[in-house]
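There are 2 protein chains.
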Amino acid sequence: MELRLSVCVLLVLCVTGSVNGGRILVWYTEASHWINMKPMLETLVDRGHQVTVLVPSASMFMNSSEPSRFQYEPFNVSLSLESMEKFVEEFLQFFMYEMEHMNYIQVYFRFIEIMKKNFQTTLTLLEGVVKSDTIMKKLKEGNYDLLFSDPIYPGSELIADILGIPLVFSLRFSIVNNWERLCGQIPAPPSFVPASVSKLTDKMDFSERVFNFLFYALQDIIFDQFIWKEVDKYYSEVKGTPTSACELVGKTNIWLMRTYWDFDFPRPFLPNFKFVGGIHCRPAKPLPKDMEEFVQTSGDDGIVIFSLGSMVKNVSSDKANTIASALAQIPQKVLWRYSGKKPDTLGPNTKLYDWIPQNDLLGHPKARAFITHGGANGVYEAIYHGVPMVGIPMFAEQPDNMMHIKAKGAAAIVDFKSITTEDLRNAIKTVINDKSFKENAMRLSRIHHDRPMSPLDEAVFWIEFTMRNKGAKHLRVQAHELTWYQYHSLDVLTFILTIVLLLTFIFIKTCSFCFQRCCGRKKTKTKAE
Amino acid sequence: MELRLSVCVLLVLCVTGSVNGGRILVWYTEASHWINMKPMLETLVDRGHQVTVLVPSASMFMNSSEPSRFQYEPFNVSLSLESMEKFVEEFLQFFMYEMEHMNYIQVYFRFIEIMKKNFQTTLTLLEGVVKSDTIMKKLKEGNYDLLFSDPIYPGSELIADILGIPLVFSLRFSIVNNWERLCGQIPAPPSFVPASVSKLTDKMDFSERVFNFLFYALQDIIFDQFIWKEVDKYYSEVKGTPTSACELVGKTNIWLMRTYWDFDFPRPFLPNFKFVGGIHCRPAKPLPKDMEEFVQTSGDDGIVIFSLGSMVKNVSSDKANTIASALAQIPQKVLWRYSGKKPDTLGPNTKLYDWIPQNDLLGHPKARAFITHGGANGVYEAIYHGVPMVGIPMFAEQPDNMMHIKAKGAAAIVDFKSITTEDLRNAIKTVINDKSFKENAMRLSRIHHDRPMSPLDEAVFWIEFTMRNKGAKHLRVQAHELTWYQYHSLDVLTFILTIVLLLTFIFIKTCSFCFQRCCGRKKTKTKAE
Numbered sequence: 000m001e002l003r004l005s006v007c008v009l010l011v012l013c014v015t016g017s018v019n020g021g022r023i024l025v026w027y028t029e030a031s032h033w034i035n036m037k038p039m040l041e042t043l044v045d046r047g048h049q050v051t052v053l054v055p056s057a058s059m060f061m062n063s064s065e066p067s068r069f070q071y072e073p074f075n076v077s078l079s080l081e082s083m084e085k086f087v088e089e090f091l092q093f094f095m096y097e098m099e100h101m102n103y104i105q106v107y108f109r110f111i112e113i114m115k116k117n118f119q120t121t122l123t124l125l126e127g128v129v130k131s132d133t134i135m136k137k138l139k140e141g142n143y144d145l146l147f148s149d150p151i152y153p154g155s156e157l158i159a160d161i162l163g164i165p166l167v168f169s170l171r172f173s174i175v176n177n178w179e180r181l182c183g184q185i186p187a188p189p190s191f192v193p194a195s196v197s198k199l200t201d202k203m204d205f206s207e208r209v210f211n212f213l214f215y216a217l218q219d220i221i222f223d224q225f226i227w228k229e230v231d232k233y234y235s236e237v238k239g240t241p242t243s244a245c246e247l248v249g250k251t252n253i254w255l256m257r258t259y260w261d262f263d264f265p266r267p268f269l270p271n272f273k274f275v276g277g278i279h280c281r282p283a284k285p286l287p288k289d290m291e292e293f294v295q296t297s298g299d300d301g302i303v304i305f306s307l308g309s310m311v312k313n314v315s316s317d318k319a320n321t322i323a324s325a326l327a328q329i330p331q332k333v334l335w336r337y338s339g340k341k342p343d344t345l346g347p348n349t350k351l352y353d354w355i356p357q358n359d360l361l362g363h364p365k366a367r368a369f370i371t372h373g374g375a376n377g378v379y380e381a382i383y384h385g386v387p388m389v390g391i392p393m394f395a396e397q398p399d400n401m402m403h404i405k406a407k408g409a410a411a412i413v414d415f416k417s418i419t420t421e422d423l424r425n426a427i428k429t430v431i432n433d434k435s436f437k438e439n440a441m442r443l444s445r446i447h448h449d450r451p452m453s454p455l456d457e458a459v460f461w462i463e464f465t466m467r468n469k470g471a472k473h474l475r476v477q478a479h480e481l482t483w484y485q486y487h488s489l490d491v492l493t494f495i496l497t498i499v500l501l502l503t504f505i506f507i508k509t510c511s512f513c514f515q516r517c518c519g520r521k522k523t524k525t526k527a528e
Numbered sequence: 000m001e002l003r004l005s006v007c008v009l010l011v012l013c014v015t016g017s018v019n020g021g022r023i024l025v026w027y028t029e030a031s032h033w034i035n036m037k038p039m040l041e042t043l044v045d046r047g048h049q050v051t052v053l054v055p056s057a058s059m060f061m062n063s064s065e066p067s068r069f070q071y072e073p074f075n076v077s078l079s080l081e082s083m084e085k086f087v088e089e090f091l092q093f094f095m096y097e098m099e100h101m102n103y104i105q106v107y108f109r110f111i112e113i114m115k116k117n118f119q120t121t122l123t124l125l126e127g128v129v130k131s132d133t134i135m136k137k138l139k140e141g142n143y144d145l146l147f148s149d150p151i152y153p154g155s156e157l158i159a160d161i162l163g164i165p166l167v168f169s170l171r172f173s174i175v176n177n178w179e180r181l182c183g184q185i186p187a188p189p190s191f192v193p194a195s196v197s198k199l200t201d202k203m204d205f206s207e208r209v210f211n212f213l214f215y216a217l218q219d220i221i222f223d224q225f226i227w228k229e230v231d232k233y234y235s236e237v238k239g240t241p242t243s244a245c246e247l248v249g250k251t252n253i254w255l256m257r258t259y260w261d262f263d264f265p266r267p268f269l270p271n272f273k274f275v276g277g278i279h280c281r282p283a284k285p286l287p288k289d290m291e292e293f294v295q296t297s298g299d300d301g302i303v304i305f306s307l308g309s310m311v312k313n314v315s316s317d318k319a320n321t322i323a324s325a326l327a328q329i330p331q332k333v334l335w336r337y338s339g340k341k342p343d344t345l346g347p348n349t350k351l352y353d354w355i356p357q358n359d360l361l362g363h364p365k366a367r368a369f370i371t372h373g374g375a376n377g378v379y380e381a382i383y384h385g386v387p388m389v390g391i392p393m394f395a396e397q398p399d400n401m402m403h404i405k406a407k408g409a410a411a412i413v414d415f416k417s418i419t420t421e422d423l424r425n426a427i428k429t430v431i432n433d434k435s436f437k438e439n440a441m442r443l444s445r446i447h448h449d450r451p452m453s454p455l456d457e458a459v460f461w462i463e464f465t466m467r468n469k470g471a472k473h474l475r476v477q478a479h480e481l482t483w484y485q486y487h488s489l490d491v492l493t494f495i496l497t498i499v500l501l502l503t504f505i506f507i508k509t510c511s512f513c514f515q516r517c518c519g520r521k522k523t524k525t526k527a528e
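Order-wise, the sequence lines are chains P and B. Taking numbering that gives the first Met the number 0, I'd label the letters of the first sequence as residues 0 to 528. Taking numbering that gives the first Met the number 0, I'd label the letters of the second sequence as residues 0 to 528.
These are calculated hints, taken from the structure and not from any lab test. It is possible that part of the hints are untrue.
To be verified - Listed next, with one range per pair, are the computed distances between beta-carbon atoms:
| id | chain 1 | residue 1 | chain 2 | residue 2 | range |
| --- | --- | --- | --- | --- | --- |
| 1 | B | Thr-240 | P | Glu-41 | 54 to 64 Å |
| 2 | P | Ser-511 | B | Met-59 | 54 to 64 Å |
| 3 | B | Asp-45 | P | Lys-434 | 47 to 57 Å |
Just so you know, even glycine gets a beta-carbon here, dropped at the ideal spot from N, CA and C.
Hey, can you work out the whole structure from these sequences and the hints?
Structure (structure tokens):
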């Protein structure tokens with residue numbers, strides 16, 4: 000069969016009566032998370048809702064003084080923008096350069112140190128909201144219908160609880176999925192659901208399953224000790240009553256997960272988890288004139304797009320030269336988003352840009368490959384347009400993301416720490432010349448597009464649903480009301496086992512008693528005889 | 000906020016190029032299952048697909064000689080229509096009348112006997128397909144793109160495997176969900192997912208959780224011994240190689256579950272399970288003239304609609320009189336689908352009909368309550384139109400269905416075996432006069448309508464998706480490749496436990512050795528001294 004039906008799902012909004020839009024409060028976020036959230040917020044404004052975004056004074060990516068269709072609620076934090084930028088720089092330095100010179104023990108302790116610092120930073124940001132009477136008064140008087148949050152910065156669950164309004168999360172992942180699993184109650188059997196940041200796929204051999212199991216367990220213990228307890232203490236202090244942060248997170252009405260089965264491995268989930276990966280992707284727009292001219296000079300060889308994301312704008316001079324040298328050896332033209340010093344080895348086929356229209360380039364007919372750090376936004380744009388990838392992942396979920404695409408046959412991975420010109424050149428050549436990479440990228444693209452509803456429409460539907468119904472109670476599983484041992488039926492098993500043992504004991508005792516009586520009699524009889 | 004946005008999602012089909020529809024083979028089914036399947040098949044025909052339905056010669060509800068938009072593939076079975084009807088009569092008699100005079104042991108053995116007979120009947124029907132060279136040749140030459148099946152009669156998974164085509168299931172449930180759980184790998188923690196036909200809800204106390212746990216376990220053992228082993232044997236014989244029926248069922252590409260969170264309790268599920276309950280519901284059409292006139296005579300009191308479903312057309316004279324007497328005591332006008340002898344106690348407010356346009360009556364503004372046997376089709380029509388229910392469940396999942404609606408506050412239940420005039424009258428009066436029942440029915444109706452896509456559109460989308468993509472591999476969890484102990488990480492746990500025990504043993508032994516050496520030396524020293 001050749002089914003050439005192309006189904007376009009057109010969302011037609013029939014607005015009846017007067018449009019009294021909802022009032023949506025948006026939690027502060029940063030970097031690619033903010034980039035991802037914007038299209039949803041734009042659509043919500045288009046649909047008549049009032050969107051108010053909380054912006055800390057030390058925000059690097061959110062600018063409350065910029066003209067915008069959103070309302071901003073700026074708040075002061077006892078952190079300067081410089082200190083935030085310094086922390087990010089320190090964070091990047093560790094993952095990009097320091098780690099390679101450290102042993103495992105050193106990496107572990109430095110990582111814990113950075114995590115603690117990160118946690119302190121997030122609490123300082125939160126203080127700007129909860130400890131400010133003015134802001135809290137404004138939020139209470141705002142009569143918001145919903146709090147919408149990318150929970151990279153915690154606190155939104157606390158504020159939603161204080162304001163008594165529904166909460167919708169938008170997230171790619173939490174470390175080892177501990178928010179989704181432990182608070183959201185999403186099932187995650189370690190036998191086929193790899194923990195996030197574990198770099199595993201859903202196909203695990205025995206040793207990988209052991210690793211995954213221990214990874215879940217150990218991270219849960221570490222998080223419980225270092226993070227959850229601290230957050231509980233803070234929330235309890237703010238609320239004035241003993242408060243469990245995880246319980247508040249568990250009250251989230253809808254979890255908009257920024258993945259889908261084009262990118263993620265199929266797994267069990269719950270009715271209030273919606274998979275809306277690729278929310279920000281859209282068809283390519285025409286390129287700026289000079290860029291289009293450069294692209295056209297590539298001929299049949301086409302172009303390679305190269306970006307390390309919104310946070311990493313340049314790399315060390317050594318790495319830059321290694322990379323530039325590899326790029327110089329491929330026949331494609333390369334567009335590299337790079338703000339550092341021009342590398343000496345830069346070939347004539349490579350052009351550096353402070354900024355590139357990444358989505359438009361990936362959607363260009365001449366796009367042959369995408370060299371990426373593996374951030375979810377970029378990876379999704381490449382999936383949307385069916386472009387094979389070379390991943391140079393660095394931190395957070397980037398190695399995981401690239402491992403997903405590699406497992407699906409649409410990417411090669413190069414290690415940033417030990418990168419060589421040869422490795423990178425070979426990887427680019429492989430994903431371009433080995434047809435299977437393009438075929439697999441196109442397969443993922445087909446899966447991405449061939450779904451009942453676009454991810455943006457789906458996300459907006461569930462946000463509006465939550466406002467219309469003041470929550471989404473009918474999607475909340477009863478598991479939230481169970482303890483962990485009740486959830487796993489351990490109390491039931493113990494009870495049944497006790498009964499079985501008791502019955503066995505009684506049976507044995509009865510048999511033994513009967514046997515004794517019987518033998519006893521026989522013996523007495525024999526004696527008597 | 001008063002959000003008066005009413006969102007209509009309009010599915011506009013843009014057909015590009017020539018429409019080369021798919022070829023869909025439909026597995027034979029019966030009674031309400033066939034009624035439910037028809038709207039999907041009609042829509043598939045509307046969308047340019049060719050639909051061929053397998054019809055056994057002993058079918059009660061499917062008529063291959065009737066003019067229809069489907070193609071029929073009739074096949075002979077060594078069973079007469081009369082014997083099928085006699086078996087159904089025997090089945091109904093047991094559940095409706097015999098059971099009340101039996102003790103638990105008698106019920107159990109009679110039930111097993113009926114189940115075995117039912118199983119033999121299904122195998123006899125299947126023989127009509129697999130043992131007929133003509134039919135098998137026709138099916139092979141039919142070049143079908145998909146097998147679509149309500150698996151109430153097993154065998155479709157075998158034929159899909161033999162023909163090498165994708166399989167889509169449409170089902171309300173299997174007993175204790177053993178197909179979905181054991182073969183489809185859907186997670187079902189017994190702590191909050193009640194086994195189907197258990198009459199439990201998702202809120203269980205300790206004793207109910209013990210019951211649910213044992214119910215799952217015991218039914219699984221019984222099914223394994225009485226059903227699965229037999230089916231495996233039969234399938235292996237047909238295929239000529241050892242074949243696991245459950246493995247074949249597990250290859251189902253899409254499971255279209257005929258429930259949704261308006262009716263079912265929220266639970267974990269998998270990406271290839273789609274919840275499309277209410278697929279056959281539609282807005283009410285005008286009633287036949289004389290029926291409308293009768294309905295209008297009800298005034299403000301409105302009407303009560305009463306049907307015991309497509310299989311039960313009449314009841315014993317005793318029960319009929321008890322029921323008619325209760326109906327005579329309510330102020331509403333009653334429309335009762337009943338083909339038996341007119342009961343003596345029938346009041347002037349009640350009219351008997353051989354057939355009623357149930358959906359149109361439930362959608363009538365004068366509908367006040369629906370007296371139902373609790374079949375999923377009728378229950379869904381009542382949810383669609385927001386009508387409170389009085390359930391008189393009898394067999395299969397009917398008691399379960401009514402328990403769901405009762406738990407959601409939109410129904411009262413009356414026991415058919417011990418029904419009294421007073422019970423029924425009070426139940427009807429309660430659901431009509433206690434406003435909470437109507438409010439809850441309307442809440443369920445709102446949940447039913449307020450979803451991103453209509454259930455029919457969603458079902459059709461996934462059927463076409465499976466054809467377009469020759470399956471739905473990207474939605475299949477890796478759990479299918481694991482054994483039960485691997486799935487639950489029992490091998491991993493055993494390994495970790497062994498290591499821990501071994502390390503503890505080595506540690507103790509080392510300590511003990513050191514202690515002995517230490518004390519030994521001291522002793523020797525003391526001795527020497």
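**Item:** Numbers of the earlier hints that this structure fails to satisfy, in rising order
**Value:** Number 3 - this is the single hint that the structure violates.
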